[in-house]
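Go by the hints and put chain B onto chain A.
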Amino acid sequence: MTQIALTVNGERHEAEVEPRRLLVYFLREQLGLTGTNVGCDTSSCGACTVLLDGESVKSCTVLAVQADGTELTTIEGLAEGDELHPVQQAFHEQHGLQCGYCTPGFVMATVSLLKESPSPSEDEIRHALEGNLCRCTGYHNIVRAVEAAARATT
Amino acid sequence: MIPAGFEYARASSVEHAIELLGDEDAKLLAGGHSLIPMLRLRFARPSLLVDIGRLADLRYVREDGDRIAIGALTRHADLARDPVLKERSPLVAQVAEGIGDPQVRHRGTIGGSVAHADPASDMATLMVTLGAELVARGPDGERTIAADGFFHGPFASALAPREVLTELRVPTVADGVYLKHVRRAQDWALVGVAVARVDGATRVGLTSMGATPLRASGVEDALAGGASPAEAASRAGEGTEPPSDVQGSAAYRTHLAEVLVRRALERL
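Top to bottom, those sequences are chains A and B.
Take any residue in the first sequence, count from 1 to its spot, add 15: that is its number in my numbering.
Take any residue in the second sequence, count from 1 to its spot, add 442: that is its number in my numbering.
Be aware that a few hints might be false.
[Said to hold, decoys possible] So the derived list for chain A, only partly shown, Cβ under 8 angstroms to chain B, looks like this:
1) E33
2) V53
3) T57
4) S58
5) T64
6) V72
7) T76
8) V77
9) E98
10) L99
11) S136
12) G146
13) R150
Derived by calculation from the structure, the hints in this document are not laboratory data.
Positions of the beta carbon are idealized from the N, C-alpha and C atoms, including for glycine.
Pulled out of the complex, with its shape left as it was, chain B reads as follows:
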């Protein structure tokens, strides 16, 4: 499977990338581990790829007040072993370590994974669950987008065509659990569940349970009202629209979500 032809330009800075994105059908290329498979299947046929993969100034993890700022081009492998994350928000490192396989983690980036807006992305769900802030730069300057409102649908996000996701800001979270069910090693999550205590409240997120990463608000409400993990978990399917496909039916996914939410809450 060979991609359709495209032009290639390597950006020397974020500003240069924004300029290059003026081409109507241009796509950003970071690690390429979401985009290249789509190019090969010809689901994506851009006229121009703007390669930002070498912008070293977008590769960092640093403490910033009560938040941790993560450069969009930080690779999953870097996140998994990052000392700041391991100490102050270990769930981010744990989720990164469970993405794909070592080869994928050596190339895939957190910004690429989130900007791709795949409802099966573990990292996207984690950002929603943690209440992350996503920083994007475009022709009109920089803006911050709440992760909760970032995902509009499968592979559709709040990013404008000429905006570049540059930074992800996550809170320091001591307590968090991410569980996913896969049929085989390195598969995408059939269902994933993130739970985390953020500012005294328990937040719950779901992967692969709808068109975007979702908050399990029924579960969160039940917990706020003092429900047990099992009682709260029974509401995991509320407000979800899980797909039915060759991997599993919607009913099976809902069952998995309930089981995984209960287990995650019990471990929290």
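Just chain A, with the same shape it has in the complex:
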């Protein structure tokens, strides 16, 4: 077992983990943060996207020990009390989801994108979200939601 200490959604955690423990299972099973979904489990679908030191990563392809000392943000860490994060609000208003399973990953990938590129073109948005799959194929509304979020935050 390896001792790790990290900050998740502003809260400091110390834990013992097996080195083979994947970050997504650490978040879901050890911290109870089940908003981050496991989709393909093979770093393709992006459902497990979280922010590691502010940048999007697929938490199924990061070991919990690699996250030692870092700052993580999951979907649970975006809203301020009852007030949704502008990206969550935009996905809600533009109906950027159907079944909702991929949504936490898309929202986190969008937060990361808008940090790097606050006013992306439609083309840029589609490329930037290529690491996230929506099996309901709700892509058009997702792109609209990202555009709305960009407008709301700039």
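Coordinates of chain B only, in the frame set by chain A:
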């Protein structure tokens, strides 16, 4: 899919990593975006992972005479937006920007991608095409390996078990094109083609056309003899052994290589 158990040690320096690699079944962990999927599929079952991911002194891009020196732990995302590369060897930044997806590029490193020696790696092909020099450090000191001789087979390289790839040195190349054919966004290249003008000669490299990244020497010879892009491209399959798999047959890959080489040469 959960990896088999392993021990974990975090290296505090390259020397420390070399020491830790004394363990027979040890593997180096950088960004983990090649290794962790293999651990999960249990294709790799090391007894020890030596994590070099935090060695900040291996994360840089700097001009060094007529070469650009890239630290092995520089992430694809860093390469894609690096001002030195964008100005002096933009093809490296472009290829980095086309690897995987943003999440992958936030973790994956150039050294990890090249040392993994996957014949489907865009970056490995680019290093061969550009004639990069790869710097490795081991128990006996440092040595420089030409990218052309670095790749020995699928996932097999010139690196000794206790050597760490520390730096990749690429020439400044103003003219270069990389094209790849994928069936879906973020897929590995079904076939990739790199062309670049290096020291007055046109060099051509191929991804996923054999057991290692390859130079298309037939194409290069034809170009040196004054052939047109279309004539030269018709020789793209020479000396290759493309795989046949669920993604495409060898004949299809050869056809793609010819088309992509022609298009790349026309754009150069």
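Q: Could you tell me which of the numbered hints above are not met by this structure, giving the numbers in increasing order?
A: Checked against the structure, the hints that fail are numbers 2, 9, 10, 11, 13, while the rest are satisfied.
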